[in-house]
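Using the sequences and the hints, build the whole thing.
In the order they appear, the protein sequences are chains G and H. Residue 237 in my numbering sits at position 247 of the first sequence, and the numbers go up by one each step. Take any residue in the second sequence, count from 1 to its spot, add 6: that is its number in my numbering.
No lab work stands behind these hints, which were simulated from the structure alone. Among the hints, a few may not be true.
[Claimed, not checked] Straight-line Cα separation of at most 27 Å, DSS-like style, residue types lysine-lysine; simulated pairs:
(1) K30(H) with K125(G)
(2) K106(G) with K195(H)
(3) K106(G) with K(-4)(G)
(4) K271(H) with K125(G)
(5) K178(G) with K222(G)
(6) K125(G) with K195(H)
(7) K209(G) with K237(G)
(8) K209(G) with K196(G)
(9) K122(G) with K30(H)
(10) K122(G) with K272(H)
(11) K195(H) with K122(G)
(12) K(-4)(G) with K209(G)
(13) K106(G) with K125(G)
(14) K67(G) with K30(H)
(15) K125(G) with K272(H)
(16) K196(G) with K178(G)
(17) K122(G) with K119(H)
[To be verified] Sample of chain H residues lacking proximity to chain G, with all beta carbon distances greater than 12 Å (derived):
(18) G147
(19) G186
(20) I196
(21) S241
(22) M258
Glycine included, C-beta positions come from ideal geometry on N, C-alpha and C.
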Amino acid sequence: MKKQDKPLLVRGATKVYETSSGDVHALQDVDLTVQQGEFISVVGPSGCGKTTLLWSIAGLHQLSSGAIALADEPIEKPHPSIGMMFQSANLLPWRTIQQNIEFPFEIRGQIPDRSKIDALLNRVGLGGFGSKMPKELSGGMQQRASIVRALSSDPDVLLMDEPFGALDAFTRDEMNLLMEEIWEETQKTIMLITHSIQEAVFLSNKVYVMSARPGRMHKVFDVPFERPRDLKLMETKEFFDLVNEIKAEIQHQPSSAAAAVAAE
Amino acid sequence: MSDSTNSNASSGVNMSGGLTSGPKIQNMSEVFAIIAVAVVIIGGAEFLLRFFEVKEFVMPTPSAIVTALFVHFDEIAPHLGYTLVELVVGYTIGASIGMILAAVITQFPFVEKIITPYILLLVTTPMLALVPLLILNFGFGYAPRIIAVALAAGPMVMINSATGFRRVDHDKIALARSYGATTFQIFTKIRIPMAMPMIIVGLMMGAIFSVITAIGAEMSGGGFGLGSKLTTFSSTLRTAEFFAVILILAVMGICIYVFFSWLGKKLAGWES
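This is the structure:
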């Protein structure tokens, strides 16, 4: 059976927060189309609304106006075909790794597919760790478990809210390579929010740059590098040039927060 | 955001860790040292009391206390039963109400703000002080004691459980919501487990205060229960029997501690 084409569509997304010091336009008329099987990243200065955008697509925030849809299905609340990975692994510390991975099934009243979960655990190098508690695992291993949790229910779209920000540089590279491989194998539609432009360029087909206050889409960069990619790509001049070009684009924006990104 | 909630969580660890887990025994020599200290203290007391020929009604020897416990156990045992009835009934009522109240009011911050000062008042006022009034209203039976125990346990369980239920981790709740969790599922699968370490601290504090209140209430009148026996034995100079009852109360306290430590390890062991 041919898989249905399911693009992720964002049209005119606007989000206004009312605060005591006036309205804050977190998002202003954001349009975005992510084709099925595409890997895109969104970068931008702190407070540019990229997390708000991602959480809205996850159905966790309501937009003030505008619409989000997966193919022809409007997204207003969490959708079973859209999976989310959070900042930090966000495992429940009172559950074993296995119980954490089965948590989505438990919430939805479904029977977990044990053989698939075992295969995924083995795939990310966590075979035999199912009975461990999260605190017994390193940060990178916890993040691997959260990848398994996100993939085990086989969503069409995977949203990643800066999932590797808390990891050390080596572990982060390792996770990036793992995500690249997983994308190659599963061809999921993936949207990644990150502060690391290297990470965005390494993983994505397209990198979107957002501007701050009001948060809107500023520019898109196509990433031309061939896939599958490996970590050596990060050492090439072309890679470096593209990263610098995107960095310059963020710095040009009239925002004090841009300094924070430039410092990275 | 997630950093600040995590640090809240870790301060909770220290609070619950301090009450539900003592220092860990590492090896046999430490066990030996603990027993040695007990032998020295008990043996020393026995020796000194005998050497200075202290009268038994002033301070009985440890051996006399243990002997009294066995010889007069038939006299004491029914009263242990009465006390346990008061404790179990009063504590069950108080702790249940306290826990349910904590779970409900923490969902309504406004209500919580209004109610909390009154709960604090109940925690800090010794419920023992109400016992004479309760006896006046409810007679010399079980009722005033059970009410006093419930009043002692309830607020203690409530105030600690409420602290637990107030620990919200927005990322964990968002995680559950992203899978379509209902409010009820979020409550049972996220909020209750997060609150569990503090609930257990509350249950343990409530149990300890229950014992204090039950014994105190029995001492104020009614003629039955271990507290009442303490009054009888001391006023009739039966000091060895008096200490035998104290020994029972000490064992009861240790049982409470051991039980809740075990429960804490079982249900909230993830947080240590």
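Taken at face value, is the distance from the CA of K(-4)(G) to the CA of K106(G) at most 27 Å?
-> holds (23 Å)
Has the given pair, K178(G) with K222(G), been kept, meaning a C-alpha gap of at most 27 Å?
-> holds (24 Å)
Below or equal to 27 Å on CA atoms is what counts here, so check K122(G) against K119(H).
-> violated (40 Å)
Measure nothing beyond the straight line between the CA atoms of K30(H) and K125(G); if it is 27 Å or shorter, mark the hint as holding.
-> Holds, because 20 Å separates the two Cα atoms, which is no more than 27 Å.
With a cut-off of 27 Å on the C-alpha distance, tell me whether K122(G) and K272(H) pass.
-> Answer holds: K122(G) to K272(H) is near 15 Å, not above 27 Å.
Pair hint outcome, K271(H) versus K125(G) [Cα-Cα no greater than 27 Å] = holds (15 Å)
Would you mind confirming whether the straight-line C-alpha gap from K(-4)(G) to K209(G) stays at or under 27 Å?
-> At roughly 24 Å apart (the allowed maximum being 27 Å), K209(G) and K(-4)(G) satisfy the hint.
Confirm or reject the statement that M258(H) sits farther than 12 Å, beta carbon to beta carbon, from all of chain G.
-> The claim holds: M258(H) sits with its nearest Cβ about 30 Å from chain G, beyond 12 Å.
Evaluate the condition: distance from the CB of G186(H) to the nearest CB of chain G exceeds 12 Å.
-> violated (5 Å)
Measure nothing beyond the straight line between the CA atoms of K106(G) and K195(H); if it is 27 Å or shorter, mark the hint as holding.
-> Given that 27 Å is the threshold and the Cα spacing comes to 24 Å, the pair holds.
Agreement of K209(G) and K237(G) with the hint, judged by alpha carbon distance not exceeding 27 Å = Holds, because 12 Å separates the two Cα atoms, which is no more than 27 Å.
Is the straight-line distance between the alpha-carbon of K125(G) and that of K272(H) 27 Å or less?
-> With a Cα-Cα distance of about 16 Å, the restraint between K125(G) and K272(H) holds, given a limit of 27 Å.
The structure does not agree with the numbered hints 14, 17, 19 and 20 stated previously, though it agrees with the rest.
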